[in-house]
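Asker: Protein sequence lines, in the order shown, are assigned to chains A and B. The first sequence runs 1 to 624 under the UniProt record's numbering. The second sequence runs 1 to 379 under the UniProt record's numbering.
Keep in mind that the hints are not guaranteed to be accurate.
Claimed, not checked - Under the rule of at most 27 angstroms between Cα atoms (straight-line distance), these lysine-lysine pairs were calculated in the BS3-like manner:
| id | chain 1 | residue 1 | chain 2 | residue 2 |
| --- | --- | --- | --- | --- |
| 1 | B | K194 | A | K9 |
| 2 | B | K194 | A | K13 |
| 3 | A | K13 | B | K374 |
| 4 | B | K150 | A | K9 |
| 5 | B | K150 | B | K194 |
To be verified - Derived list of chain B stretches under chain A, where covered just means 3 residues or more per stretch with a C-beta under 8 angstroms from a C-beta of chain A:
| id | region |
| --- | --- |
| 6 | 243-255 |
| 7 | 262-276 |
| 8 | 282-296 |
| 9 | 321-333 |
Claimed, not checked - Here are a few chain A residues that face chain B, going by a calculated C-beta distance under 10 angstroms:
| id | residue |
| --- | --- |
| 10 | K9 |
| 11 | E14 |
| 12 | Q19 |
| 13 | M40 |
| 14 | L43 |
| 15 | Q44 |
| 16 | S55 |
| 17 | E56 |
| 18 | R223 |
| 19 | T227 |
Please keep in mind that the hints were generated in silico from the structure rather than gathered at the bench. Beta carbons are placed, not taken as given, at the ideal position from N, Cα and C, and that holds for glycine.
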Amino acid sequence: MNEFRRQLKDPEKENRIFQFRARLLMILVFALIGVLFSRMAYLQVFQYDQHVSRSERNRTAVEAIPPTRGLIFDREGRLLADNLPSHSLTLTRELAGNVREVVDLICELLEQDAECADTLTERSRHRRRPFEPALLLDQLNEEQIARLAVNRHLLPGVEVSAQLLRHYPAGEAVSHALGYVGRISTDDLETLDRRAYAGTHYIGRTGIERHYEHLLHGQVGYRRVETNARGRVLRVVESEPPVPGADLTLHLDSALQQVAYEELQGRRAGLVAIEPETGGILALVSSPGYDPNVFVGSLDGQAFSRLRDDPQLPLFDRASRGQYAPGSTVKPFVGLAGLELGIIDRDMEMHDPGYFQLPNDDRLYRNWRRWGHGTVNLHRSIAVSNNTFFYSLAYELGIDRISAYMRQFGFGEQTALDVLGARSGLMPSREWKREVHRQPWFPGETLSAGIGQGYWLTTPLQLATATSVLANQGHWVQPRMLRESQPSSLVPDVLSDREPVPKLDPENWSYIYSSMEAVLHGHEGTARASGRGAAYRIAGKTGTAQVFSLSQEEDENNLPVDRPEHLRNHAIFMGFAPADNPQIALALIVENAEGGGSQVAAPIARRIFDAYLTPERLAQLESN
Amino acid sequence: MPRDFQWKLPGAHLHLKKKENLLTRIHLDGMLLLALLVLMGAGLLVLYSATGSNLQATISQAYRFALALVVMVAVAQVPPRYMRRWAPAVYLLSLLALVVVLFIGTDAKGAQRWLVMGGFRFQPSELMKLALPLMLAAYLSQRQLPPGFKHLGLSLILMIIPVLLIARQPDLGTSVLVASAGLIVLFMAGLSWKIIFSFLTLVLAALPALWWMLHDYQRNRVLTFLHPESDPLGTGWNIIQSKTAIGSGGLEGKGWLQGTQSRLEFLPERHTDFIIAVLAEETGLIGVSLLLALYLFIIWRGMQIAASAVGTFSRLLASAIIFTFFVYVFVNIGMVSGLLPVVGVPLPLVSFGGTSSLTLMAGFGVLMSIHTHKSLLNK
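Let the sequences and hints guide you as you build the complete structure.
Answerer: Structure follows, in structure tokens:
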């Protein structure tokens with residue numbers, strides 16, 4: 001048995017095999033530890049850069065800090081656009097879990113209508129980077145905030161935070177001049193610089209808010225924050241504060257603007273007042289207006305469509321986009337053309353039989369007073385708004401000279417510096433008619449142009465500009481809203497690079513001024529009722545724009561009174577004051593106003609002149 | 001029955017001639033003990049950082065270490081011959097526990113691994129890490145070596161039953177460790193190279209079949225290992241984040257408690273299986289090298305003890321224990337650094353967790369017992 005066991009077990013051999021294999025194992029261990037070391041060295045040394053940057057990306061997130069939007073002031077420093085704190089509701093989709101459930105609960109808590117949930121779900125998709133909250137609602141009231149706070153535990157990812165919201169204290173009166181900001185939509189995001197607008201929820205939609213968006217918006221700041229794997233912010237690593245948008249001061253006089261808006265009494269009308277010396281727009285009013293605050297952060301989608309569908313078109317800016325025939329308000333300009341181009345002289349007189357006839361034409365082009373004004377010269381023709389004289393003058397001038405001369409005053413062109421969407425009006429010419437209508441110019445159309453009818457279209461802004469140039473002795477000042485900006489001055493130095501209207505004979509200009517004064521202060525002036533009792537002299541001209549072509553037998557002042565409202569003529573007035581030292585140039589159009597320029601437009605103009613030319617201002621002018 | 005003693009083992013005579021110091025008298029090995037204490041100390045520091053400066057968790061781990069040290073000292077007092085005698089009983093008990101856990105085990109992450117006994121939770125599979133090499137060493141040391149087919153077959157059966165039971169829990173990591181413990185006993189017992197190579201060929205051939213036996217999450221782990229970037233936020237997340245943590249540590253690391261990947265919770269399982277990534281991120285390649293050197297030293301010392309051990313049983317057991325320790329280290333660091341698929345193997349004596357450090361230290365107790373019970377009297 002012992003023999004057998006010894007044969008079976010060979011301790012020496014066993015040990016030999018063991019020692020050999022132990023060495024083998026140890027070599028294997030060394031080799032594999034070497035492999036581990038190499039692997040670690042590979043990751044930590046060769047791939048170091050790559051892993052460090054990935055770790056940094058993991059660790060930090062960049063959060064945008066939206067800049068504070070610049071304020072807008074009027075020329076007297078009165079606030080036109082303000083930023084007010086508002087409580088808004090945001091949702092972070094990543095944290096919300098079931099977004100729909102959360103949104104449903106929000107709508108239930110805030111007692112919103114049935115569409116609320118859909119709207120909010122849509123808004124929650126506006127986010128731009130993971131874990132960035134999307135704005136769902138703003139202008140929450142105290143009760144809503146409280147309800148949300150109580151149910152906070154049921155609303156993962158929902159936060160109520162205070163942010164600044166645009167507010168327009170002046171409301172309706174300045175709506176078209178200022179414009180408004182609106183919530184940035186998904187469509188906007190496709191064209192916006194997303195970096196610059198990271199964190200900004202509103203953007204200028206119309207008016208000054210849009211035109212000077214780049215100044216008002218400011219520069220986005222950022223905060224590099226350390227977040228953990230669940231996106232929770234732990235600390236701020238570095239930050240760059242945002243640069244607030246520039247504060248803008250406009251030429252606008254909000255008190256004057258308010259007076260003008262009230263004077264227009266909600267009628268469909270447009271009005272522009274310009275300071276001739278600077279081109280600064282003192283008032284730009286379109287009536288009826290709307291409350292721009294409606295567009296800022298309202299959940300009420302109906303508000304916009306109600307305004308859009310209103311037959312009075314409150315969203316339409318009549319002051320800069322409404323195009324109307326200028327009517328008789330062009331007579332001072334046509335008269336000046338006649339004088340300066342030597343067609344007539346200041347003493348020339350003619351007899352007005354009550355109509356004008358083209359050679360070899362039976363048609364009668366009637367004066368508004370069927371029996372005529374008797375003997376008229378240019379001065380009297382302007383004061384009483386005689387048509388016959390201007391038919392004759394226009395015929396002598398011809399359309400080419402009329403068109404070219406009027407262009408020097410900016411007719412047919414958009415000349416404003418910063419009025420968003422201002423239209424250019426239309427100064428008809430032979431070439432224009434051939435191109436657009438594929439017809440030759442007819443001599444009768446020249447006669448219409450001579451009294452501002454026919455194809456000729458102008459906007460209140462354009463007419464005010466031309467009036468301002470006229471008041472300025474032909475010197476051009478580009479009409480503008482922006483007066484100055486804080487911090488950097490962005491106002492162009494040059495008032496205008498346009499050539500001044502040539503002033504061949506100063507007497508001609510003075511003659512026109514005095515003719516325009518006669519409109520308000522002469523014993524026959526069409527607006528003499530509006531000039532009465534003024535502490536200063538006004539130079540102006542009334543006009544009535546035809547809404548539809550008059551038949552031969554009718555004239556603009558002699559129409560049946562019972563016409564439907566929308567077919568009534570537009571009342572127009574242009575003018576400046578004081579006549580000898582113009583401080584304000586004005587143009588206004590009231591749509592479908594029975595009574596025309598002299599009875600409707602001129603009285604409004606007078607009250608606006610009065611509001612601007614206060615006794616203090618006049619005294620100050622006197623002392624200078 | 002005369003016994004044949006061979007004292008020509010390298011280094012063995014040195015220890016015999018050495019004057020017995022206090023540590024040897026209480027059956028401890030100074031070098032190994034020191035290395036283990038350093039490892040545990042470093043492990044606690046890393047754990048403190050990995051738990052997000054959670055002192056309580058670190059202290060509770062320190063208590064576990066203390067308990068593990070007590071167990072180690074206790075085991076070291078048991079002479080190897082008792083171990084051999086008790087081996088079948090320990091093995092059968094562990095096997096029984098493994099069967100029981102299949103039925104009444106507690107769930108954790110979709111796997112049934114835990115037995116709850118009197119307020120303690122423990123994993124029978126951990127016990128098997130010691131029981132299997134013990135059983136195999138006891139069995140084979142009494143047979144003619146290298147083992148013939150009969151003994152080999154029986155050994156394989158002893159091995160495969162617990163491995164399959166553990167794999168069914170499912171706990172791939174532990175079954176790999178248990179299997180490697182068993183295989184190393186066979187290897188050291190002198191299993192012929194012919195058999196080794198044909199076995200390896202067989203395993204390679206059987207890989208596709210093995211694929212079908214894996215659980216979904218296990219398959220996912222393998223797939224994720226092959227293409228971690230294919231699912232960067234799902235199963236690939238772990239491995240991407242751990243590689244980022246390691247790589248961003250660079251040469252010198254971000255500093256203790258400064259690892260952003262772990263402290264900002266990007267690194268998953270950071271205080272358990274992936275703790276080496278925390279160390280690598282915060283102490284860089286330097287820290288990793290020191291840790292690897294420490295592990296290497298412990299393994300080298302363990303192998304030295306195995307090589308100088310008296311008798312086949314002691315040699316087989318010692319080598320299996322120390323090599324299993326190495327497998328721990330290699331599989332863990334290999335998977336965290338993206339070299340191996342993710343299987344749940346902790347980093348020995350650094351990862352948070354009680355049972356594994358307890359078995360590990362019990363294993364080192366066995367090593368120390370083997371090393372200090374060489375005299376005829378004690379044998």
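Asker: If a hint holds in the structure, say so; if it doesn't, say that too.
Answerer: Each hint, compared with the structure:
1. B:K194 / A:K9: 21 angstroms, holds
2. B:K194 / A:K13: The given pair, whose Cα atoms are some 18 angstroms apart, holds under the 27 angstroms limit.
3. A:K13 / B:K374: The hint holds at about 20 angstroms.
4. B:K150 / A:K9: 16 angstroms, holds
5. B:K150 / B:K194: Holds, at roughly 16 angstroms.
6. 243-255: holds (count 9)
7. 262-276: holds (count 3)
8. 282-296: Since three or more residues must qualify, the claim that chain A covers the region 282-296 of chain B holds, with 7 doing so at under 8 angstroms.
9. 321-333: holds (count 5)
10. K9: At 6 angstroms from the nearest chain B Cβ, A:K9 passes the 10 angstroms test, so the hint holds.
11. E14: A:E14 check passes; min Cβ-Cβ to chain B is 5 angstroms, inside 10 angstroms.
12. Q19: With a minimum Cβ separation of about 6 angstroms from chain B (threshold 10 angstroms), the hint on A:Q19 holds.
13. M40: Result: holds, 5 angstroms to nearest chain B Cβ.
14. L43: 4 angstroms, holds
15. Q44: 5 angstroms, holds
16. S55: This hint holds: A:S55 lies near chain B, its Cβ roughly 4 angstroms from the closest one there, short of 10 angstroms.
17. E56: Holds, about 8 angstroms.
18. R223: A:R223 check fails; min Cβ-Cβ to chain B is 17 angstroms, beyond 10 angstroms.
19. T227: At 7 angstroms from the nearest chain B Cβ, A:T227 passes the 10 angstroms test, so the hint holds.
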